[in-house]
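Use the sequences and the hints to build the structure in full.
What follows is each chain in one-letter form.
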Amino acid sequence: MAVIDLANPTRFLKLVERVLPWLALATAVTLAIGLQQSLAAPDDYQQGATVKIMFIHVPNAWLAMFVWGVMSLSALGTLVWRHPLADVSAQAAAPLGAAFTFLALVTGSLWGRPMWGTYWEWDARMTSVLVLFVMYLGLIALWRAVEDPARAARAAAILTLVGAINLPIIKFSVDWWNTLHQPASVLRAGGPALDNAFLIPLLTMGVAFSLLFVTLHLAAMRNEILRRRIRSLRMMQAAQGAA
Amino acid sequence: MFGPYATFIVGSYAVVAGVIGALIVWVAWDHRRQTATLRELEASGVTRRSARGKTAAP
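As you go down the protein sequences, you meet chains G and H in turn.
Sequential numbering of the first sequence, starting at 3, is according to the numbering used here.
Sequential numbering of the second sequence, starting at 8, is according to the numbering used here.
Hint data in this document are derived by calculation from the structure and do not stem from the laboratory.
All values derive from a computational prediction rather than experimental measurement.
Be aware that a few hints might be false.
[Stated by the list, open to error] Chain G is faced by these chain H residues, among others (derived, beta-carbon under 8 Å):
#1 15
#2 19
#3 20
#4 27
#5 30
#6 32
#7 34
#8 38
#9 41
#10 45
#11 48
[Stated by the list, open to error] Label pairs and their computed distance ranges (CB to CB):
#12 G:10 / H:29: 16 to 22 Å
#13 H:24 / G:174: 27 to 33 Å
#14 G:13 / H:39: 19 to 25 Å
#15 H:47 / G:241: 53 to 59 Å
#16 G:189 / H:36: 46 to 52 Å
#17 H:43 / G:193: 28 to 34 Å
#18 H:25 / G:195: 28 to 34 Å
#19 G:148 / H:43: 22 to 28 Å
#20 H:47 / G:120: 41 to 47 Å
#21 H:47 / G:144: 28 to 34 Å
#22 G:119 / H:36: 28 to 34 Å
#23 G:167 / H:47: 42 to 48 Å
#24 H:8 / G:164: 43 to 49 Å
#25 H:49 / G:133: 31 to 37 Å
Glycine residues also receive a C-beta, built at the ideal position from the N, C-alpha and C atoms.
Structure below.
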């Protein structure tokens, strides 16, 4: 099957049916290994056992931004190439991105209380991630508010691309402003600052959560394609009834 | 097992498990719902043009 064939929703659905069980299996296995490594990781000399929160907080924070990146590429697909699956991809990804952002905020808050003495601080990193969460909710509301998917797609794509400005702000907020949040310790110049005892479980959990996103995204795209088919069939039914 | 901060650690993992579990259940339930609705529509005689083309072909 050529890549161009995937532009056809029917062929895309066939591919999803084939790969979804294998992706789900790979996710479950990687997640089990990651959880085992996370539990076996030693306590940090400063943070103690709370370092274990990092293994779920950081992958969720990565995905919160990555999913918006995927949606931005999909937005380009909608506006520039008018790819039939681009808006389907963005619409399917938005609730997943919102969930990952919510989890990054909650786990960060639960990690912050014992380490910083507060659940929340209006600093640059936390506030910019909260803004990202609100933008996800706004986009979901926009898609729900406009009944015609084609009309909603263009507005959502523009909003997504404008919202992408927030991604570098989140990433570099810890460098540009004084924040409670620690600076980057994995993706940084000079390589990761983490010891392998923490880095390996973190990367395994990162891969597991990424696989989880791909699995859920493909499944949600399949649902969205079916939803749009149902909508057009109902419109045909209504037109036949009116004739 | 996790010392004085067990509540925060277990709480974090529990929230993640709950939300991820809810996402998986929601996606699976949505698929069942959409598939059932599509079958109902097709059973009532409403079909897509491409599907009609397939049945009409020799």
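Query raised in the report: Does the structure break any of the earlier hints, and which numbers would those be?
Result: 6, 12, 15, 16, 17, 20, 22 and 25
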